[in-house]
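Q: Add chain B to chain A, keeping to what the hints say.
If you're matching them up, the sequences are chains A and B in order.
Under the working numbering, think of the first position of the first sequence as 10, with each following residue one higher.
Under the working numbering, think of the first position of the second sequence as 68, with each following residue one higher.
Everything labelled a hint here was simulated from the structure, so no lab data went into it.
The beta carbon of each residue, even a glycine, is placed where N, CA and C say it ideally should be.
Wrong hints could be hidden among the right ones.
Said to hold, decoys possible - Below, a sample of chain B positions facing chain A; criterion: calculated Cβ distance under 10 Å:
hint	residue
1	Ile76
2	Ser101
3	Thr174
4	Ile451
5	Asn453
6	Glu456
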Amino acid sequence: MKQSERLEIFEKLRAEHSVFLLSVLWKLTGDRELFTEAMQYTLMGMWEHIDKLNGRQAGAYIYRIALSSNSRAWRNRIGRNGDFARSRIDIEADPGEKLGRVELTVKVRKAISRLPEKQGRAIVMRYLEQHDYETISEKLCCTKASARSHVSKALAALKEKLATSA
Amino acid sequence: MNNDNIEEILKNIGEEEIPADVHKIAQETSNNFSSSLQRTKQSKQHILLEQIMKSRITKLAAAAVIFIAVIAGLPLLDSKQGVALADVLAKIEQVRAFMYRTKMTMTGAVMSGRPDMKIQTDATVTISNDYGMKMEMVMTDANSGKEEMTQKMYIIPDQKLMISLMPKHKKYMRMEFDDDLLASMKRQNNDPREMIKQIMGSEYTELGRSVIDGIDVEGFHTTDPAFYGGAVENVECTLWVDVEEWLPVRTEMDFKMNEQMQMQGVIYDFQWDIPVVASDFEPVIPDDYTAFATEGMKMPSITEEAALEGLKFFAEITGQYPKKLNLVNLMQEFSAIKNNKNQTDAGMKLKEEMDRGQIDERTKKLTETIVKVQSIGMFYMTLIQNKKEPAYYGETVGPEDTDAVLLRWKISDNEYRIIFGDLSVENVTAEELARLEKPL
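Same shape as in the complex, but just chain A:
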């Protein structure tokens, strides 16, 4: 593919998915540095795989790239023992909000970054993007029952991860 074609496709995708990327990546990270890092990885991933993004499946690929980028950004913050550098997390704390809840939200975000891809997508679509099961089933190319099952398994996986990190 010629360079000019790659650039054209990239710009088109960037325009089409900018709102989605902003929303999903911010909700997944909740931290400005993490967000910037995840955004950069996502753009880099889109550029690297531009050949695969020139078609109907582009949205699904970009979704996958975004989730993978989020995981990568979180991994860069997390030590081998699973702890994250607390001082690096820019917690948007309302002074009235209990610190415990804020920390829990960070833990939930971290746990999402470690979910398997399909479960991660299911959680993001259901709760972060607030899609109904019909939409989720279309995007995941499965039945509504399967979509519910993916979300349910993802919640169970999150609960287990949070329990082990407590």
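A: Relative to chain A, chain B alone:
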């Protein structure tokens, strides 16, 4: 925790409003990336990317108890299209283990009051994504040719440990990292991948083709002060890349660490995808080795808290704040207390402690003070690296200037964090900062 709690948290995350500055961050990040893709240099159809990731380079200064930072670069060259740096990074990040050699010469006065030195350090560095880093180095007095020290250093991320062996002295040292420094070193290790990010974030020129050791290469040269995050001066760095393999062949660098110290070096003999096992990165401490006095100590932290503690300590000992926060300058200023006739009580006490006792006790005390002082410089460097627009006024602001701005950095579009002369900390708006900085 039950599912209801998790669902509630997830719903709240989903309903969260995106802050206005995050919209701007997203726009800028995306536009910068796009601009980089579209920029060309010298009419060639190369794709150049600006700095993709923020770089949190951890620099380890060299001396008897400090460490040499090793830099390498890694551009990727497609012989048909030229260098596509995103592809470079992608390829490099697939490499699980690699090694290279370095030859560095440091010239100047390491410590204030000491004579000028010319130290050559030859090192072999092995990096494994899975196991950590190993560096074997030999330091030689370049003037006399006398071997001063050999050292084998291991960085073991799993244990958050740095272990150093000094065979000549039959001693070993172990120091722990905290999460912040470990995260930095894991990302950095001053390895080729970070060098290329530095190059990408700088203004550079393409030198065209050449041949090194029979290999066709293409060169990239920068003198941009932004290289290395602005932490060094008079920078010159040249990267040579194998045009067929898209891997680095040689890196040459020359920069000023401060007024007195110059560093020149070359990185070469890269070997990629080398087979390694865990035991390659597990130091074996011989039975007849003894622990350095610094056993169990921690490496400098790069947090605000550690920087504040360092500033407080510096002021207690010297009566003032450091004039500059360059790592080498910090050490030179601090070491000058020996010759300072106007020492504080705490400074005199420290000097006495460092003059008496066995060598191990003195070394331990020295390392403790170095770690505290270095934390200031490490923190400042991360502010530069993260483009937080730090400004430091230690030349004019002292501990008695309670309401003057000593150090400040940006935390959001319209907000700055300030450390005042009395080491109190506050967040202010840009307008308030302008008013506070006016008298300086």
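Q: Each hint should be assessed against the structure and marked as holding or not.
A: How the hints compare with the structure:
The beta carbon of Ile76(B) is positioned within 10 Å of a beta carbon in chain A (closest approach about 5 Å), and the interface hint is therefore held. Among the interface hints, the one on Ser101(B) holds; its C-beta lies about 6 Å from the nearest C-beta in chain A, closer than the 10 Å criterion. The beta carbon of Thr174(B) is not positioned within 10 Å of any beta carbon in chain A (closest approach about 36 Å), and the interface hint is therefore violated. Because the closest C-beta pair between Ile451(B) and chain A is about 15 Å apart, greater than 10 Å, the hint is violated.
Restraint check, Asn453(B) versus chain A: the minimum CB separation of about 7 Å is within 10 Å; hint holds. At about 15 Å, the closest approach between the beta carbon of Glu456(B) and any beta carbon in chain A exceeds 10 Å, and the interface hint on this residue is violated.
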